[in-house]
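Asker: Using this note's numbering, the first residue of the sequence shown is number 29, and each one after it goes up by one.
I should point out that these hints are in silico values taken from the structure, not numbers from a laboratory. Check each hint, because a few of them may be wrong.
[Unchecked claim] Label pairs and their computed distance ranges (CB to CB):
1) I133 - K72: 22 to 32 Å
2) G201 - G386: 16 to 26 Å
3) V207 - V244: 17 to 27 Å
4) V137 - I215: 13 to 23 Å
5) Y343 - V137: 45 to 55 Å
6) K44 - V137: 58 to 68 Å
Glycine included, each C-beta is placed from N, C-alpha and C at the ideal position.
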Amino acid sequence: MKPNEVVENYDEQLDKYTSYVDDRIHKVVGDIGSRESGSESEHKAQDFVAEDMKDIADDIKKEPFSLHPKAFMGWVTCDGAIIMVNAILLILTLFGVFNSTALNIIMLVASVFCLVFMFFEFLLYKQFMDPVFPKKDTYNVVCKREASGEVKRRIILGGHVDSAYEWYFTYLGGGHCMVFAAAYAIIMMVVTFVMDILLLCGVGVNPGAMHVIMLVLAFVTLPAMVLALMFVHWKLVVPGANDNLTGVFAAMSVMRFLKENDIRFEHTEVESISFACEEAGLRGAKAFAKKHSAEFAAEDGVETIAIDIDTLRDYNDMGVYNRDMTGTVHLDPDATAVLKKGTEEAGLDLPYLNVFFGSSDAAALVQGGMKAVLLAAMDPTPARYYHTRLDTPDNLDPKTIRAGVDSLIRSVFIFDEEGIPGKE
Numbered sequence: 029m030k031p032n033e034v035v036e037n038y039d040e041q042l043d044k045y046t047s048y049v050d051d052r053i054h055k056v057v058g059d060i061g062s063r064e065s066g067s068e069s070e071h072k073a074q075d076f077v078a079e080d081m082k083d084i085a086d087d088i089k090k091e092p093f094s095l096h097p098k099a100f101m102g103w104v105t106c107d108g109a110i111i112m113v114n115a116i117l118l119i120l121t122l123f124g125v126f127n128s129t130a131l132n133i134i135m136l137v138a139s140v141f142c143l144v145f146m147f148f149e150f151l152l153y154k155q156f157m158d159p160v161f162p163k164k165d166t167y168n169v170v171c172k173r174e175a176s177g178e179v180k181r182r183i184i185l186g187g188h189v190d191s192a193y194e195w196y197f198t199y200l201g202g203g204h205c206m207v208f209a210a211a212y213a214i215i216m217m218v219v220t221f222v223m224d225i226l227l228l229c230g231v232g233v234n235p236g237a238m239h240v241i242m243l244v245l246a247f248v249t250l251p252a253m254v255l256a257l258m259f260v261h262w263k264l265v266v267p268g269a270n271d272n273l274t275g276v277f278a279a280m281s282v283m284r285f286l287k288e289n290d291i292r293f294e295h296t297e298v299e300s301i302s303f304a305c306e307e308a309g310l311r312g313a314k315a316f317a318k319k320h321s322a323e324f325a326a327e328d329g330v331e332t333i334a335i336d337i338d339t340l341r342d343y344n345d346m347g348v349y350n351r352d353m354t355g356t357v358h359l360d361p362d363a364t365a366v367l368k369k370g371t372e373e374a375g376l377d378l379p380y381l382n383v384f385f386g387s388s389d390a391a392a393l394v395q396g397g398m399k400a401v402l403l404a405a406m407d408p409t410p411a412r413y414y415h416t417r418l419d420t421p422d423n424l425d426p427k428t429i430r431a432g433v434d435s436l437i438r439s440v441f442i443f444d445e446e447g448i449p450g451k452e
């Protein structure tokens, strides 16, 4: 059955749980504030979630893990500093101040490392630079509503509770300004790498057109690296109302809806998770997948899917994401089919979308061996509130939250009744 067939005043219920999401976001941001990955404020927010669910969920667990939270975006600062020094050495070499093959090799190796840092940390979200940065301990909060009978299906809803360091250029001039700063810096990193190779091969050392071109490019690299060093505002952690307390409490609203309407599925277990440390490179979801994916896969007859929810803010940009991690990870088609049908029952005609820059917890779950999909409603430009101090509770959009909550509730009912659509 559909939830509106089970609950007579379903539309009023949606309004109620939309207000619930709004209220809890105001409380977390107002009472706790910003939530740096692995910090005490993140712990307080997780404790708030656990307390909020204590009379709702049948079981609540805090699952601890360790991480190095500044490693994920730390590559930006490291690369900016290294390439800036590299560009200065290029300039001095081209002016004849240095003439050392050993130095040229060191410069080339340094630029290679910078590209490797970017590739593994940002494009693949690997824990590549972790040993260089301080370690912290934190935890995910897993809330479970048990089935009344034998468990044959399990659906997991999750969002991340931490908030990001501010991306200064997004705040300064919006998404286009951020994209320009990032693209400029990345292009000049690659250009520097090429120039290091040319210099090692003796190209551009002697006066001539190539010498002038390389000299100009080396000078052009310097402001690009200044932008890289300014990209992350390390002293400012943003409020993170939309990104991603909307996801956390939209997931929790489904648990509350089931509890307060006395709905317990006979064969479907429902879990809602508040992930920690998504902004630190999906570390919370990675830890959850590492802990649970094997046991979920080993439970014969228990179909398990996960729906990640991230940033329910921009109604016209809402979509079912079936590709993630800068397009390198295909999200699970079975989980996608459930969510897609849920959004359609909610009256939404959502496109399939791709996280073409960055990633979500859904990608980490899939990489960990789980079936997962992403529901998000975020301007891909991105919007000026994204990862900035403007992501406040005053910037919430109830219409988008309501549509998200409706889609999630319907998806849970679909999964309970049908399992994977189209499968026996």
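Asker: A separate judgement is required for each hint: does it hold in the structure or not?
Answerer: Structure-based check of each hint:
A hinted range of 22 to 32 Å is violated for the C-beta pair I133 and K72, which are about 49 Å apart. A beta carbon spacing of about 19 Å between G201 and G386 agrees with the range 16 to 26 Å that was offered as a hint. Range check, V207 to V244: about 24 Å between beta-carbon atoms, so the 17 to 27 Å window is met. For the pair V137 and I215, the supplied restraint of 13 to 23 Å holds, since their beta-carbon distance comes to about 21 Å.
The hinted window of 45 to 55 Å between Y343 and V137 holds, with their beta carbons roughly 49 Å apart. The hinted window of 58 to 68 Å between K44 and V137 holds, with their beta carbons roughly 60 Å apart.
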